[in-house]
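Chains as they are written, first to last, in the UniProt record's numbering: chain A, 1 to 425; chain B, 1 to 425.
All the pointers check out, no bait thrown in.
To spell it out: a stretch of chain B is covered by chain A in this simulated footprint if at least three of its residues, at any positions, have a beta carbon under 8 Å from a beta carbon of chain A; those stretches are:
#1 192 to 202
#2 215 to 229
#3 277 to 283
Okay, the calculated beta carbon distance ranges per label pair:
#4 B/Val-326 with A/Pro-239: 25 to 33 Å
#5 B/Gln-327 with A/Pro-239: 24 to 32 Å
#6 B/Asp-287 with A/Ser-166: 28 to 36 Å
#7 B/Glu-302 with A/Lys-21: 53 to 61 Å
#8 B/Val-165 with A/Thr-151: 29 to 37 Å
#9 B/Gln-327 with A/Ala-155: 37 to 45 Å
#10 B/Glu-154 with A/Ala-155: 46 to 54 Å
#11 A/Ser-17 with B/Glu-302: 52 to 60 Å
#12 B/Gly-354 with A/Val-326: 48 to 56 Å
#13 A/Gln-16 with B/Ala-305: 49 to 57 Å
No more than 16 Å apart at the CA atoms, straight line, and that leaves these computed lysine to aspartate or glutamate pairs for EDC-like:
#14 B/Lys-260 with A/Glu-318
#15 B/Lys-386 with B/Glu-204
#16 B/Lys-273 with A/Asp-275
Keep in mind that the hints were calculated from the coordinates and are not lab data.
Quantities reported herein were computed from a predicted structural model and do not represent experimental measurements.
Every residue, glycine too, gets a C-beta built ideally from N, C-alpha and C.
Number of protein chains: 2
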Amino acid sequence: MSKARVNSSRLNDTIQSTCTKWGAIQDSTGMRRLTLSADDKGVRDWLVEECKSLGCSIKVDEMGNIFAIRPGLDPSRHAIAMGSHLDTQPAGGRYDGILGVIAALEVLRTLNDSNVTTTCPLALVDWTNEEGARFPGAMMSSGVWSGKSITPLEACHEIIDVEGVSMKSALKDIGYLGDTPCSHEANPLECHFELHIEQGPELEKTGKSIGVVTAVQGMKWFAIRVTGVEGHSGTTPMPARSDALVTASRLIAAVRDAAKATGLGVATVGVIKSDTSSQATIPAGVDFIIDVRCSTDEMVDELSASILESFDKIITEEDNGTKYVVQRTWGLPESIFHPDCIDAVRRAATEEVGEDQIMDMKSRAGHDSAWTSRVVPTSMIFVPSKDGVSHNPNEYTSPEHCALGAQALLDAVLHYDEMVSRSSQ
Amino acid sequence: MSKARVNSSRLNDTIQSTCTKWGAIQDSTGMRRLTLSADDKGVRDWLVEECKSLGCSIKVDEMGNIFAIRPGLDPSRHAIAMGSHLDTQPAGGRYDGILGVIAALEVLRTLNDSNVTTTCPLALVDWTNEEGARFPGAMMSSGVWSGKSITPLEACHEIIDVEGVSMKSALKDIGYLGDTPCSHEANPLECHFELHIEQGPELEKTGKSIGVVTAVQGMKWFAIRVTGVEGHSGTTPMPARSDALVTASRLIAAVRDAAKATGLGVATVGVIKSDTSSQATIPAGVDFIIDVRCSTDEMVDELSASILESFDKIITEEDNGTKYVVQRTWGLPESIFHPDCIDAVRRAATEEVGEDQIMDMKSRAGHDSAWTSRVVPTSMIFVPSKDGVSHNPNEYTSPEHCALGAQALLDAVLHYDEMVSRSSQ
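All chains should be built: construct the whole structure from the sequences, respecting the hints.
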């Protein structure tokens, strides 16, 4: 067990007070802290000041990612990172992402309190726009930093929100368009650890306290556009209709049915948009997005194929002139984490809660760690989510579990630091 | 046959030139002239000037309805009205509503050219927000004028568009918040004639040129809200989901299925909205609107009941915790037109094209005439719609049919005027 012990009440007070101050949804513990919003600026400014007061230097890169660096004994080393994100879904909770950053801050505070200096520098990282809720494209800025995303810096800068504001101008507006290159080559890290809530029911169901995350499941998004023929709702006889919304509705039900029938993974339609805003018009065009996730890339492909097969069958059955086109918009292949980081997490977790209280698991949600794992050793720590609920104001993780996770994060970082310094002696 | 003959090319030139100028969708004959928009203001200002130049006096009422009055020989009489609307759907055509107003203008021009003065004054009426596309609620302002709509003046004034602009401030902004009371009692008419495109395929299919409209079918709108539980698209297992969009999709398909299976009429969902704008979130709430129309009020009720029955069945089958609530938002009972007006139209149409070329029919779309018919004698004239298409940029009625309709409108008005003056002698 580490001698440097995180302060559970300080950690949880910081989570609650910063959430209350920046982005709270009234009369609930829900959060609406969209990336690069005024609330996001508020919490970023606070975080930068806190880290400075702990002796960190601050770098902000071209995607607004914040790197707060606590010096190590060996300045020639890259920093061991503890990263996650402070943005939330439009109606999210207080833990997804936020726990990882605030716990990293608690680690820095604890190390200061205990006068511990690591060999490597440490970096607290706040990754911009992990949620992809305001600017479409989840884990956007860790993706750019990794150089492995299909969407490079310039393209990300041009992405607009529903009000037509570009990412670049939003970064500028809140003062977080930095000049550090957003690149793992120009701005490298030694490795990346991330504490996160599970967002699923496994830990709770099995009565475990800490998940040692070994991989992130594969995922793909598909944009579907269904087209038909516009017409008057009163005068177009039923048999003469080419109704894009009726066809889209059947396709959306089929997405669910295919995921259930194959048992390969999960598939979701969250966003739908009809071309018409008129009640008296038969819709001629409907757009929706399918999110497919499975344990392996092969299963993602198999489930996606099964969904599209059922689409073709429905189009044939409907036989009303409606059509669809599919566009692959985004994907994240399965991410395999690094044995050294996994070992550091496992050792830290076992020391803290014992072997019986931990389990190895795959993440079924995407995380910034999925991108960092492609260029530096990476692993994650999961703590339980009440009822498995996330992306929802009812998201909840107990103060005890938050503190356990933060302690495991601190110890994993120390173990990794020890390993690095030993191997270079 | 009337001695006063409408000028076909002047009529059609006026339709095309005013559509090109105010509200044309680029590179098509489509129209986007939302009520009280800048384009609507443009065409209104032009119409007022044209009518004034023909010797009309202008009244604008509290809903922005424009009444252009051409004096008659007997100033104690109420005006015989020729009304319709200049607004369109977001992606509509050049004839729905527009033909009726521009044809009324052509009637006034022709009567001036032929030096015909009627006993009753004549009124050209442009009814505000017939489409209900910007401010929800079709045939809104004729409804207020009739005093029979469930939505009175003050409530209409407070209705907002998607940008939060109220109807009242939109009226003020374009200078059409008039001080004439919007009331058939304070601002009465003698009767109401309306020339309109059929918006359906019957006339074309049977090879007829003019429809004598005897009634408007009944219609009801229902707002449906489906609720489930928000969740993360990656981590919530399929069997644990309470997905509002999947349930809504099944309900929307059922609306179509019920209309087809019962054969009672038509039912349409044009508008759908999911609470979430995040691809990675299982939607917790979805809203949509059902538009039900049948020949009789009984059939509307029967089809509506059949739809809601199938909803209950689906909710039971899904058994995933999703629920729905239904709210009746708008309705228009079946409208029976007046024998005197129907006779005037039938006589005019028969004189123009012969008995073989006309047919009695019910309107399957709602019209301002449905409201006027509740307080003054009313009838309508239909001309063919190519392929029955409407609420669509491809909406088309030939110049010949437009002119036939305008001539029938002129003659129907003269026949009615003659009948009124004869009966009062």
